[in-house]
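Go ahead and model the full structure; you've got the sequences and the hints to work with.
Here the protein sequences line up with chains A and B, keeping their order. According to our numbering, the first sequence is numbered sequentially starting from 1. According to our numbering, the second sequence is numbered sequentially starting from 1001.
Do not rely on the hints blindly, as some may be mistaken.
[Claimed, not checked] Cross-link-like lysine to aspartate or glutamate pairs, in silico, EDC-like; alpha carbons within 20 Å at most:
1. 1067(B) with 28(A)
2. 353(A) with 342(A)
3. 1429(B) with 32(A)
4. 1134(B) with 1239(B)
5. 61(A) with 1159(B)
6. 64(A) with 1428(B)
7. 1449(B) with 1467(B)
8. 64(A) with 1155(B)
9. 92(A) with 1432(B)
10. 1372(B) with 85(A)
11. 1152(B) with 165(A)
12. 1429(B) with 65(A)
13. 64(A) with 1432(B)
[What the hints assert, rightly or not] In silico contact screen, one side only, chain B against chain A (beta carbon under 7 Å); selected entries:
14. 1239
15. 1294
16. 1429
Bear in mind the hints are in silico, worked out from the structure with no lab data behind them. Computed from a prediction, not measured in an experiment: that's the story for all the values here. We treat Cβ as the ideally placed atom computed from N, Cα and C, and that holds for glycine.
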Amino acid sequence: MGAVFRPYSPSDSLQSDRTSGDRQRHKEKLREVLKGNIADVISEQSIIGRDSDQIIKVPIKGIKEYRFIYGQNQPRVAQGNGGTEEGQVVGKAGQEQGDGGDGKAGNSPGEDYYETDVTLEELIDLMFEDLELPDLESKPLRAIEAEYTHKRSGTKRVGIRAHLDKKRTAKSRLRRKFVQEKIDNARQPLEEIKETGEEENRFPFNQRDFRYHRHKPDIRYESNAVVVCIMDTSGSMNVMKKYLARSFFFLLYQFVRLKYQQTELVFIAHDTIAREVNEDDFFHRGESGGTMISSGYQKALEVINDRYDPTLWNVYAFHCSDGDNFQEDIPRTMEFAKKLSEVCNLFGYGEIKPEGTVAWGTPMLEKFDDFEAENFTTVCITGKADIWPKFKAFLQKERERSTTIHADPESWG
Amino acid sequence: MVRNYNLQDLEKWEERIFEKVQEFGLDCYPQEFEICDHIQMLGMMTYHGMPSHYPHWSFGKSFERTKTLYDYGVQGIPYEMVINSNPCIAGLMRDNSLCLQILTMAHVYGHNDFFKNNFTFSHTRADRTIARFKAHADRIRSYIEDPSIGLKAVERILDAAHSLSFQCRRNQAVKARSGEQQLSRALKAAEESGNSEQEIEKISHKFPLEPEENILLFIRDHNARLTEWEKDLLTIVHEEALYFQPQMETKIINEGWACYWHREIMNSLELPTDIHMEFLVRHNQVVRPIPGDINPYNIGLALWDRIEEKELGKARDHAHDRQPANIRELMFEIREVDRDTSFIRRFMDRETMEKLDLFQAEVQQNDWIVSKTANEESWQDVKNLLINSIGLGAIPRISIVDGDCDGARTLKLVHEFDGRELEASYAEKTLEHLYTLWGRKVLLETRMKNSVARYSFDDTGLTMTAEMNEDPARAYFSHW
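Structural data, given as structure tokens:
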């Protein structure tokens, strides 16, 4: 016999997981990559509009190990099934089959994809990490005096009957009684233990026994926010444009949701007239017709005035359109925009112009550029890749504002 | 799969295999077999079979990759995992059938013999392999745990070193010229060509005198800013690359040798019919051609068979006739002195190429089109391309020609262009790694589409310049 056999030991299988450390580190690195590519991930359709606890499988391009290698399309030698002839097509270029053999000299630059599981929540955390927002906790929110109630806090000796603290009152009477008995006993030691009637044993409540609840005013601040999504659903808004708009709304909603305890969404679709619709209709129902942006703004103002009093709600409004509007509508639009910016924390206009589309009608972007309101921003979105950087730019405004507000606490609203 | 055998069976079979090994005159290191499950096997593969290896995230990546391929059934786990060490260690997967275990053991003895006797492995110091890798691992772990160094810093150097690890001298059996030898050679050449004093004077300042292929070692020895632990990392990575280099150089000849011997051993064992039938199936799976690719098992075995056939004057019936003793010596000599390139160059003839259906393919409009087959006119071209593209031929030859360009310690590298262009995106990133290690500007000169391309990387990032050179397009532009 020539060889030594090392029998299988199941305990080895624990030991054999010696790759775990390196796998862990690899995962960490993939996560870093994910962070770096957050813009790509976000622009993937599948993520938009999911529940936050859902797990998303994000395909991440493998971390490459670079070496000096030859380009892919060099002539090469291969084997055939027999009888291969000149001119025969033997494969498609560009789809390389993995690394050569043992992967030691991993030398074909093919793409590996690794899937990582993240929940939407985590992803959003990563996203906002990427935003490098100032510490959200210390950021002054427009807190609203949501409730004015009272909270019990200790007792006091005077008060109204309704606030009587019965338990404490009874306790203090017992205490007094106990003390009184001790004093009495001390005064008459061993003296006649008189037969005492019921009458003499009575020990009534005294004014000094009464305890009343003390109340402190209790103001609870609540931060509610509403995101008003206004979208142009006129004939010119095609699926792609709607998708871009949706991505932007999604980010805005996620951002606002992070900052406030309660966030609501309002969807306003407009062509020449505006309607409040549900989310599904907002994104999916095809519309047609011309565009009157003012109608959307007017509707938004109505909804805000009806249901979301700006003194109680933080209002974020964003309007997505491809920028064609009736000429006659522009003055009204600007007027309503002004009003909107007065009631909103942040109001934005996003013009969606996928590359290659012809802009016609009135370029609202230019008009809006002249529009002066410190909480108003315009962004121009030309493609998927634009969404994240533009969103960042949009929030820049909010960041600046919040820092200025910070300096002036009186204006917290 | 229900295993209908136990360790005693394996030992019994191994005993019989070993008898044959000795009978056939194979010269092996002591052999050890480790019985493992598939996860352990994947773990072994991840670390190239080393029982202990330094940690790096790339191994985690490699493990995930192999495991995913395995889990989805895209790729099976190879039957064998054997490392070049003394004693030679191989894994046997416990879920394999008895036939596969016997086959694997026989195959492993073939590799074992090859490791011990082939000249390319002579520098790998097999006695110390396990201990050396363990020492490397211990040292790197200690750097990672050292609070003044830490994981990030170690990774930074390792990432960069890995990217350059195979940029080293090709033939370890040829002794490198020492610095003095290089100098005297250069001086002699200069005197013979009648150069002036000044030019001869210049020679002594030139460094390196002759192009240096060991990039990591050059950096280790000439970048004074590297700390001791950084130098140690470079040494470790370089040594490991050297250890694995022969395996890249001998993939075809080595696998062919192991297949040749496992077939010989299996056929002489008088296996029970069921095992023998399974053996025939498995053997054919292993040595069949893979269309569109190159199967080293297939090509290697075909070449060994061809050698035998030529020597005997006719093909042998391997199932029944045993290897005649008179050709054994010749074959043993070949397994000692050849590696893939020389093996193919010497023994690949047109008939074998036709039998293997080897062809050359080129990309034409998104398709791989067969441009040359093993016919009378072009079989030599196909053969040459094969020789040039296997093993280390897949690694561009890049050497350091100047370690002190412009007197500013700029490192200059030249790619020895052989018609194949570098993958630009990879070259750029690798250059960045090189810059990490060198710490000063680095230059790389290569060719791209008939022009000289120069990449440089310094603290401002990457720049690239291309220079039109004897380009037919030049004439076209000139009358503008």
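What's the verdict on residue 1067(B) and residue 28(A), does the C-alpha distance respect the 20 Å limit or exceed it?
OK: residue 1067(B) and residue 28(A) at ~18 Å, within 20 Å.
Within a Cα-Cα threshold of 20 Å, do residue 1372(B) and residue 85(A) meet the stated pairing?
holds, 8 Å
Holds or violated: residue 353(A) to residue 342(A), with C-alpha atoms at most 20 Å apart
Given that 20 Å is the threshold and the Cα spacing comes to 27 Å, the pair is violated.
Below or equal to 20 Å on CA atoms is what counts here, so check residue 1429(B) against residue 65(A).
holds, 9 Å
Given the proposed pairing of residue 1134(B) with residue 1239(B), does the C-alpha separation stay at or below 20 Å?
holds, 13 Å
Pair hint outcome, residue 1152(B) versus residue 165(A) [Cα-Cα no greater than 20 Å]
violated, 64 Å
With a cut-off of 20 Å on the C-alpha distance, tell me whether residue 1449(B) and residue 1467(B) pass.
holds, 10 Å
At a threshold of 7 Å, is the proposed contact between residue 1239(B) and chain A supported by beta-carbon distances?
This interface hint is violated because 15 Å lies over the 7 Å limit.
Using the nearest Cβ pair, does residue 1294(B) come within less than 7 Å of chain A?
holds, 6 Å
Residue 92(A) paired with residue 1432(B) [C-alpha distance capped at 20 Å]
With a Cα-Cα distance of about 32 Å, the restraint between residue 92(A) and residue 1432(B) is violated, given a limit of 20 Å.
Tell me if the interface restraint on residue 1429(B) is satisfied: Cβ within less than 7 Å of some Cβ in chain A.
holds, 4 Å
Assess, step by step, whether the Cα of residue 61(A) is no farther than 20 Å from the Cα of residue 1159(B), and give holds or violated.
It holds: about 18 Å lies between the C-alpha atoms, which stays within 20 Å.
The structure is inconsistent with the numbered hints 2, 9, 11 and 14, although it conforms to all the rest.
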